[in-house]
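Trainee: With chain V held as given, fit chain W onto it using these hints.
Protein chains: 2
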Amino acid sequence: MPLNKQILLVSRPQGEATVDNFRLVETQTPALADGQVLVRHHYLSLDPYMRGRMNDSKSYAAPQPLNEVMIGGTVGQVVDSRHPRYAPGDWVVGMGGWQQYSVVDAEQPGLLRKVDVSRVPPSHYLGAVGMPGVTAWYGLVKIIDPKPGQTVTVSAASGAVGSAVGVLAKQRGCRVVGIAGGPDKCAYVRDELGFDDCIDYREHRDLGALARALKAACPNGIDGHFENVGGTVLDAVMLRANAFSRVALCGMIAGYDGQPLPMLNPSLILINRMRIEGFIVSEHMEVWPQALAELGELVGSGRFRPRETVAHGIESAPEAFLGLLKGRNFGKQLVKLVD
Amino acid sequence: MPLNKQILLVSRPQGEATVDNFRLVETQTPALADGQVLVRHHYLSLDPYMRGRMNDSKSYAAPQPLNEVMIGGTVGQVVDSRHPRYAPGDWVVGMGGWQQYSVVDAEQPGLLRKVDVSRVPPSHYLGAVGMPGVTAWYGLVKIIDPKPGQTVTVSAASGAVGSAVGVLAKQRGCRVVGIAGGPDKCAYVRDELGFDDCIDYREHRDLGALARALKAACPNGIDGHFENVGGTVLDAVMLRANAFSRVALCGMIAGYDGQPLPMLNPSLILINRMRIEGFIVSEHMEVWPQALAELGELVGSGRFRPRETVAHGIESAPEAFLGLLKGRNFGKQLVKLVD
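Same order as they appear, the protein sequences are chains V and W. Numbers 6 to 344, taken from my numbering, label the letters of the first sequence in order. Numbers 6 to 344, taken from my numbering, label the letters of the second sequence in order.
What the hints contain is simulated information worked out from the structure, not anything from laboratory work. All figures in this text were calculated on a predicted structure; none of them were measured in a lab. We treat Cβ as the ideally placed atom computed from N, Cα and C, and that holds for glycine. Hints are not guaranteed to be accurate.
Claimed, not checked - Derived, one-sided and incomplete: chain W residues facing chain V with beta-carbon distance under 8 Å:
hint, residue
1, Pro35
2, Leu37
3, Met59
4, Ser86
5, Val108
6, Gly235
7, Pro265
8, Leu269
9, Asn270
10, Ser272
11, Ile274
12, Ile281
13, Phe284
14, Ile285
Bound-form chain V, shown alone (with noise of 0.2 Å):
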C-alpha cells in the first residue's frame, strides 16, 4: 500500500489562524477490508467553512477533532477496491479530507460518488458542479427565488459560490450586481462571468460609499441577495432593499477581534418587509440532483467557466487555506496532489 501524506489539525486557533495549527505526517495506508475502496486524490478543495470547525464553540456542526486529518471535499480515482460498484480507474468524489489517499466504506450511503469527467473536469466537482455550486443553488433558488428582471446581489462575487450565484441568476433573466475585492476580480466578474455590475468593496470602504455604489449599480433597488461575507457590506444592502426582499445568508465574518460583527439596522427588515434567511446546504440533499444537473450542463456547455486557483501539493495546503482566509485566491481554491 502506499504512503500517505496527511495534515493534522494540531492546536485550534487563537484569533487568527496560522500555519501552525497544522501539521504534516507521513502513514501507510492501511489494507482493505471488504467493502473499501482506496482512492488517490487528485484535488482537494479549500473552504471557508473549513474555519468554522477549527474552532471549538457552538455552531451548526462539530468542531474537527485535534489530532486527526482535517476534513476536506476531494476528487478522485480509484485504485484499489473491495467493493463491487467501484473498479480502479473510477474517478469519485467524497470528503477524503486533506491527504493524498483515503480509504471509504463504499457502502456507507453519501461517502463516495461517481462522477463523469468527459465533459466536466474533475476539479470542477468541488466547486461550481458541487457543494459550492449546489449551495449557490439552493440560496438563490429556494430563498431568494427571484424573478426575471428582479436585481440580485451577491458579495464575494469571484469565490466559487459567488460565480455560481451570478450565473444561475443571470440564467434566471435577472440584474445581477457582484461585490469583489480589487479591479482584477470585478474585471473578471463582469466581463467573463458575465454579470451586469461590479462594484469593488475596496474602494468603497464604509458604508455610506458602499451603499451610494450600490445605488448606482443597482438603480430599481435590490430584490434578493446573497451574503458570503456580512459586516458591512450587508448593512449597505439592506439599505438599498426593496419590500419584500430576500437574503440567502450563506456566510458571515467576524470582527478583527473575534467578535462578532452587528448588524447596524435590523429594523429595515420591518421597514422593507425583509426575509433574512440563514442555511446549509447539507441540510438540503434533496435538492442535490436537480442543483448538479443544471451546473453541469452550465460548466459542460462552457457557458460558465469558473476559475480556479490551484497550490500544488498537500504540503502547500495550510498556507494556500490562509490565503483563502485573506481573500487571496481568484475563484476555487484547490490543491492538486498528482501531477
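Mentor: Okay, now just chain W, sitting in the frame of chain V:
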C-alpha cells in the same frame, strides 16, 4: 351637524414625542354628500405604529401630514347615512382618526366594516378582534407556523398584539413564554392569558441575564419568536434559538438617541439556520377573514379576555399615546369618546 373635536399633528418630534406635537381643534362636521355616512366614534385605538408616522422619514407608510387629523382606528355607530347599506345605529370599524366624528365615503372599499357587537364588545374590534389581533395571527400562523409542542416566545406579551400571539399559540399546542415589564403584567400574562411562563425584563436588564432567564423558561430552546420590541430582547432570543427557528418581526424600537439599535450577533441567523421576516399586516388583507373568525370566536366564547386601558375624552389622547410609548398602558390602549 354636530361639533367635532379633533387632534391634529402640528409638529414632528425632535427625539421624544411630546404633547406639544398635537393640537386640539373644534370644527363643524360637514353635511353629507351622496354615498357618505357620519360615524360617531365610541372608541379610538392608540397603537405604537403611530409614532413612526409622526416622523418624516422613509418607512413602509407615508408620514402623517402636518396640520391634519392624526390617523387612527375607530369603532363607532352610524348617526346619519346617505348610503343604502348603512343605517343609523349600525356599528362600524374604520380609520376615523383622532376625532369624535368622521364622514366616510362608504362606497370606497375597505374604509368601513360593519361589526356585530352582540357577542364581542365594540372596543375589542380595535384590539384582539381587529388589527392587533390579525397582526398576531399573521405573524404566528404565516411566519412562525408553530407545530404542537414547539416553544414560542413573544415580547410585549401583555399588549394587544402580544397577548393574542400567546393565546393563539396555546390553541396550537405550543409552550408559550412571554416577556413583559413588571410583576403585574407578568402575572396577568401567566394567570389570566394562560401563558406557560412570563419573564419580567426589568428583572433581567442585560443580555446575559435575559438569555439565562430564557434558558430557564425555555428548556427545549425557542422555535418561534414574535418580536414587538427588538434590541436586547431579540439578541437574547437569538442566543436561545433552535435550528430552523422563525422570527416574526412586527415592531422594533430605536435607542435613546433615536439611532437604530443594532443586532449584536447576526451570524446566529446562519449558525441556527434561522428565518427572520418583517411584515405589515395591512399588506396581507387576504388573511383577515380567517384570522378575525378565530379571534372573534376566542373572545366571544370568553376563552380570551383581552385587557384594556381606557382613557376618557379625545382631549386625553396625546397623553395616553405618550404613556403607551413608555409602556404605561396595560393591554390594549383605547380612548373612550362617548360616555
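Trainee: All hints are to be evaluated individually against the structure, with a verdict given for each.
Mentor: Taking the hints in turn, this is what the structure says about them:
no. : hint   : in the structure
1   : Pro35  : violated, 36 Å
2   : Leu37  : violated, 37 Å
3   : Met59  : violated, 15 Å
4   : Ser86  : violated, 37 Å
5   : Val108 : violated, 32 Å
6   : Gly235 : holds, 7 Å
7   : Pro265 : holds, 4 Å
8   : Leu269 : holds, 5 Å
9   : Asn270 : holds, 4 Å
10  : Ser272 : holds, 4 Å
11  : Ile274 : holds, 4 Å
12  : Ile281 : holds, 5 Å
13  : Phe284 : holds, 6 Å
14  : Ile285 : holds, 6 Å
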